[in-house]
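Spelled out, the chains give:
There are 2 protein chains.
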Amino acid sequence: MASTSIPMPYRERVQRVRTEMRRRRLDGYLVQNRMDQYWLTGFTGEDGFVLVTRRAVVLLTDGRFDEAASVECPWAKKVLRKQRTPERNARELKKYKLARVGFDPGHFTVAEHQGLRKAVRPTQLVPAAGLILDRRITKDEGEVAAIREAIRVAEKAFVKVQRWIKPGLTERDIAARLGYEMQKLGAQEASFPTIVACGANGSLPHYEPGDGVVRKNEGVLIDWGARVGWYVSDLTRMVWPGSIPREIATIQRIVKEAHDAGIAAVRPGVRATDVDRAARRVIEKAGFGRHFDHATGHGIGLDVHEAPRVGKGTNTKLLPGMVITIEPGIYLPGKGGVRIESDVLVTDTGYEVLSTLPY
Amino acid sequence: MASTSIPMPYRERVQRVRTEMRRRRLDGYLVQNRMDQYWLTGFTGEDGFVLVTRRAVVLLTDGRFDEAASVECPWAKKVLRKQRTPERNARELKKYKLARVGFDPGHFTVAEHQGLRKAVRPTQLVPAAGLILDRRITKDEGEVAAIREAIRVAEKAFVKVQRWIKPGLTERDIAARLGYEMQKLGAQEASFPTIVACGANGSLPHYEPGDGVVRKNEGVLIDWGARVGWYVSDLTRMVWPGSIPREIATIQRIVKEAHDAGIAAVRPGVRATDVDRAARRVIEKAGFGRHFDHATGHGIGLDVHEAPRVGKGTNTKLLPGMVITIEPGIYLPGKGGVRIESDVLVTDTGYEVLSTLPY
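Protein chains in written order, with my numbering: chain A, 14 to 372; chain B, 14 to 372.
Some hints could be false.
[Stated by the list, open to error] As a list, the in silico DSSO-like pairs of lysine-lysine whose alpha-carbon atoms are at most 30 Å apart:
| id | chain 1 | residue 1 | chain 2 | residue 2 |
| --- | --- | --- | --- | --- |
| 1 | B | Lys-91 | B | Lys-108 |
| 2 | B | Lys-169 | A | Lys-197 |
| 3 | A | Lys-91 | B | Lys-325 |
[Claimed, not checked] Short derived list, chain A residues pointing at chain B, Cβ under 7 Å:
| id | residue |
| --- | --- |
| 4 | His-126 |
| 5 | Arg-130 |
| 6 | Gln-196 |
| 7 | Gly-334 |
Please keep in mind that the hints were generated in silico from the structure rather than gathered at the bench.
The structure displayed is predicted, hence computed values, not measured ones.
We put the beta carbon where it would ideally sit given N, CA and C, even for glycine.
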C-alpha cells in the first residue's frame with residue numbers, strides 16, 4: 014500500500030517506520046505488540062500480526078476481528094486466517110519474497126520466533142529492537158488530546174471519590190469506587206491497578222490496596238489513572254481526612270517543592286536525568302535522599318511506562334511532544350509516605366502541565 | 014532446598030516438577046511466567062525469576078518484593094538483586110553449575126533468551142514447553158476451593174446487578190457496576206473484560222461493551238468472572254427485561270439443552286472433544302450448527318483460558334480435578350445471541366457443577 018493512500022496520522026507513522034527500515038537495511042518489519050499495532054494502524058483487535066514492507070501494510074487477523082479491521086484500517090491489506098500459528102503467518106509473509114525482515118526481540122517469544130524463522134526461509138529475520146517504540150516516544154496532536162481526555166476522566170472521577178472518602182472506608186473500597194467512576198465516565202479501564210495506601214502503608218511505593226482503613230488525621234495516598242481511547246493518564250494525590258501530622262506536613266512541603274523543581278527543569282534539549290536531578294536535589298538537600306528510591310518519572314502514552322525513564326543515568330534528551338510524569342516522593346517506614354504526581358507535556362519552548370487537580 | 018522442608022501444597026508441586034525434570038534429563042528449570050511462579054511457590058511479586066534444581070528452589074526478585082518473598086515462600090532461597098537483566102539473573106544461575114536447564118519457549122522473549130543463553134555458558138538452555146502448565150491442568154482441593162470462592166463472588170455480584178438492570182442502562186454501565194460489586198466483595202479484579210451485549214449485539218461472541226442500551230423485550234448477554242485469591246471464575250447468563258422474543262426463546266431452549274448435554278458427558282477418561290461433540294450435536298440437530306462457531310469450553314484456574322480446550326480435535330482425556338467451562342451458544346447475525354456458561358469440576362466418578370445461579 015503506497016503511503017499516499019494512507020490517511021493521517023497513520024501515513025506519517027508508516028513513513029517514519031519505513032525511513033528507519035531503510036536505515037537498518039530491512040525490506041520488511043513485523044509488528045507483534047498490540048499497542049505498536051494500534052499506533053501504526055489504528056487496529057484494536059486482540060489477534061493481529063502486522064507486516065510493513067516498503068510498499069504494503071498487511072494485517073493478519075481472524076474472523077472475529079474482520080469488521081474491526083475493515084472499519085479501523087481499511088487502507089491495510091487484510092488477511093483473515095483461521096490458524097494463528099507462526100507457520101500460518103509465515104505462509105503469508107513468504108508471498109512478499111523479502112530478504113531481511115526486522116522484528117522486536119522483546120515482543121516475540123522464543124516459540125513464536127523459532128516457528129517463524131524456520132518457516133520463512135530464505136527470508137531472514139533480523140532483530141531490530143525498539144523500531145516502533147522509539148517512534149512512539151513523541152506524541153502528535155491527536156495523541157496529546159487523547160492523553161488530556163484520559164487525565165480529564167481520571168481527575169473528574171477523583172474529585173467525586175475524594176468528597177466521599179471518610180474514616181472507616183477501606184483501601185479496597187476506594188480503589189473499587191475510583192475504577193467504577195472512571196468507567197462510568199468512559200474509561201475502558203483503570204490504566205493500572207489503582208494504589209490506595211492508608212497511613213503507614215503509604216511508605217511502600219508499590220503497595221496493593223487491601224484491608225487498610227482510612228483514619229482521621231492520617232494521609233491516604235492515591236496513585237491512579239484512566240485508559241480512554243487507548244491512551245492513559247497517571248496521577249498521584251494525597252487525601253487528608255482531618256489534619257496533617259506535623260512530620261508528614263514537613264515532607265509534603267518538601268515533596269511539593271521537588272515536584273515543582275522537576276517540572277521547572279522540563280524543556281527540549283534537557284536530558285531526562287537532569288530533570289530527575291532537579292527534583293531529587295530538593296529532597297536530598299532536605300536530608301531525605303535515602304527515602305526517595307525510585308525514578309522521578311517516566312513517559313506515558315499507550316503504555317503507562319514508556320520511554321523516556323526520567324531517572325538517574327537516562328541521557329535521552331527531551332523533545333517537544335514527549336509526555337512524562339513527574340512524581341517524587343518521600344517514604345518513611347512505619348510512618349507513611351507522600352508522593353505527588355503530574356503529567357507534563359514537553360512543548361517547543363518548555364513545558365505544559367496537563368493535569369489540573371490542586372495538590 | 015530439600016522437598017521435605019517445603020510446606021504443602023508446594024512440596025507436592027515441586028516434587029511433580031522435579032519428576033518431570035528427571036524425565037526430560039534436566040538438572041534445572043526456569044519459571045518465568047507469573048502464574049506458574051505463584052502456583053509453584055506462592056510468590057505474588059511482580060518481579061520474579063525462579064530456578065528449580067534437584068535440590069533447591071531459588072527466587073530472584075528486587076527489594077520491593079523482599080517482604081512478599083519472605084512471607085509467601087520463606088522456604089525458597091531468596092536473592093535480592095537491583096538489576097533484572099538476563100545477565101544478572103545468569104550470574105546467579107551459574108553458581109549452581111548445571112548442565113541442562115529447561116525453560117518454556119512460550120514464556121521467554123527472544124531478547125531474554127538471547128541474553129541469558131550467552132551469559133550462562135557452559136550451562137545449556139533447553140526448550141521444555143508446558144512443563145509447569147501441564148501440571149496445572151488438574152487442581153488440588155485448595156485450588157478447587159479458591160475457584161468456588163471466585164464463583165461465589167461473581168454470582169453474588171451478578172444477583173445484585175441483575176436486580177438493578179432496567180431499560181435505558183448502557184452496556185458500559187452494567188460492565189462497570191459488575192466490576193465494582195465484585196471488587197467490593199473481595200475480587201482483585203474482573204478475571205477478564207466483562208462482556209455485556211444488548212439485543213442484536215449478542216450475536217458477536219467477543220463483543221466489547223459500548224453504548225448499546227438495554228431495551229424492553231430484548232436479551233442482555235453477560236459473560237463475566239472474578240479473580241479472587243488469584244483463581245478465576247467465568248460465567249455467562251442472559252438477562253431479560255420484559256418477555257423473550259419467540260425466535261430467541263427457541264434458541265435459548267436449544268442452547269440450554271446443549272449446555273446440559275455437554276455437562277452430562279463430563280467424566281474421567283472421556284476426551285475433551287467428546288464433551289464438545291455432545292453439546293454441539295444438540296445444536297447441529299436443531300439446525301443451528303453454523304451459528305455455533307467456537308469451542309464448547311476451556312479449563313480455568315489461575316488463567317481464564319487454560320488447558321484443556323473443550324473443542325474439536327482435543328484428544329486430552331478428562332481427569333479428576335480438572336475444572337472446565339461448558340458454554341455453548343447460538344448467534345444469529347443482526348438478531349442476537351444466547352450463550353449459557355457453567356464452571357464444572359471433573360470428579361472421580363463424573364462431574365460437579367460448581368456454579369449455582371439459575372439459568
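Hints the structure violates: just list their numbers, smallest first. 5 and 7
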